[in-house]
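**Student:** Each protein sequence line maps, in turn, to chains A and B.
When you line the first sequence up against this note's numbering, it's residues 14 to 206, in that order.
When you line the second sequence up against this note's numbering, it's residues 2 to 313, in that order.
Since the hints were made in silico from the structure, they are not lab data.
If you're wondering where the values come from, they're calculated on a predicted model, not measured in any experiment.
The beta-carbon is built from N, C-alpha and C at its ideal position, and this holds for glycine as well.
Just so you know, not all the hints are guaranteed correct.
[As the list claims (entries may be wrong)] Below, a sample of chain B positions facing chain A; criterion: calculated Cβ distance under 8 angstroms: (1) E83; (2) K116; (3) F190.
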Amino acid sequence: MTSIEYFEVECTEPLGGEYYRQITNDVLLDHNLLRVIHKLHVYIDPNVPVFVACGMLKKITSLVRVRDFVNVNPLEGKMILVISNETYLAPMLKIFWQRFGKDHVEQPDRFTVVLYDLAVDPKEIEEIIIADPSEALYKDLIYAFRCIAPEGFRVRREVYGKERFSFISSEDTLTASSDALVAEKFRLMGEEP
Amino acid sequence: MILVPVTYRGGIYRHDEIVALIEDLGGYIVQKHTLAQEVVLQCFVPKDDIELIRTIAKPLAGEVTDSPLVGTEIAVVIPSLEIHHLPHPACDIAEYSRRLGAKSNMVGMARGVGKRIAGINDEERDVINEHDIAVYVLGNFEVCIEHKIPILRRGVEVPIVLCGAPDKETLERITKPAVDGYVGNVGRFMHRTKESDELAKLDEIIAEITRVLERKREEIAKDPLSVSPARLMDVIREQVPAILDVTSPTPLTVQMAGLRVKLPYDSYASVLKKTVIEDGITIGDVSEIVPSRMRDYILVKILPFSSTNVVV
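Make the full structure from the sequences, and use the hints.
**Tutor:** What follows is the structure, encoded as C-alpha cells:
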C-alpha cells in the first residue's frame, strides 16, 4: 500500500477490520488499481449493517490520442502509420473507418496502417482521440469494491467522477444518513465532501 | 480385525502387487488415482499389517501414511458460490481435506449471504445431512456469525465444525447451542493460502475435523454397523457392473456409516436391494436404500447391529 497516500479501514470490530484491510489490499492489487488510488477510506459497521468506501484518485492519464502510440509518416498520396502499441489498434481502426471510409484505410500488416488519398493534415490525424481510459477505470473500481464489500450487502449506491468516488452498500434500504456518513468519511481524509 | 485408513503413494511400476497385497490382507481400496507416473491409493488396511505393507513397498519407493479422513465425505458449507468465498478460502479447505483422503463437496447456499437476510432451504439442509460432517466457513464479523449460525444450522443433524475470523473462544461464546468443533482466525480472505501460518491454519482445521470424526467413530463403535461401508463398496463393484461405466471420479463414495452410489435411483435401487453380500444376506437386509438429494444418486445408509442382529 505504499503508493496510496492515505489508507484507513475503520471498523467496529478490530479483528474484522484487519481482515477487511487485507481483503481490500488483495483485491485492489489483483485488479491493478493501487496505482490509481490516491486516498482511500473504508468504513464497516456490521451492526447497522453498512459498508462505505470512499476515496480520491490520482490525476488520471489524459485522453489517448493517435500520437501517443502511432508514428505518422506523410508520403505522396498516402500516410503510413507505424504502430508501437497494439492496445488501442482496434478502436483506432474503427474511428478511421467511420471518419474516412474503409476504402481509404488499409492495414497491410500488424503494426502498419496506411491511409490513402486524404486531404487531412497529418497533425490533425495525430490529435484524434481514440479512448478515454477513465471510463473503464471507474467501472473496474466499482467492480473491485463489490468484491471487497460483504456479499450480503446488495443495496448499493456508487458515485464517481472528477477524480473521486464513493461506494456505499448495505442489506437494508439506504437513507439520507448514508450520504452524511460518506461526507463524514471524506472529511476524515481531509477532503471536502 | 481393525481396519485403519491409510494412503499409499508410489510409482506406477509394480503397484498392482501392492493392490493385490492389500486385498489379500483383507483391506479395501477406496480410491485409486493414477497421476502420470505416480499412483495414490486411499485404502483401509488391517492395523497389524501396516508394517508388512511398508516393508514390501520399500523396494518400490512407495510410502504409507496415515490418512484419518479416508472413507469420509465432508461438506464444506459456504454462504454462496460467489467470488467472495471462492476460490479462497473455501476451495483451499476442500482441496486440503481431499489431499488427506476425504471426499469433500462444496455446498454453496442460495441465500446464505448477509446477516439479516441469510437463510437455508430444505434441499441444502438435506444435502448437508447426507455427509459425515459439515464444515461451515463463515465470514469476518462476530456479530454476523452470531446472528446467522442458528439459521444456517437449522435442521442440520451431522456434526458441525465452524470456521470464522473471530478467535476460537469468541466462536465458542457466540454459538448457542454449541457446535462440535471450532477453528478461529479463518475468515473470508481473497488470496491463496501459501504462507506457513496459513497452512498451519489448514492443518488446524483438519485436526479439528479429525477430532470430531473420531468422536463420531467412537459413537458408531458402540453399536457397530452390520457391514463395513468399504466392504459394501467392494460387493457393489463386483456384483453391479453398471457402476464400472460411471465416469464420476468416485462412483462409489464411502462414508462412515454408508455409501453414495452414483447410479440412478429409479433403475438401480431394487438391484442394489437384492444384491447378496454373503450367505443370502442382501444389501436391503442390512441397510436402508434411499434416494439422494444430490442429483439422482442412491444413498445407502447402513443399519447398526442393534437393528438387524446381523454382522457380515
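**Student:** Now, for every hint given, state plainly whether the structure supports it.
**Tutor:** Results for each hint:
no.: 1; hint: E83; in the structure: 6 angstroms, holds
no.: 2; hint: K116; in the structure: 6 angstroms, holds
no.: 3; hint: F190; in the structure: 6 angstroms, holds
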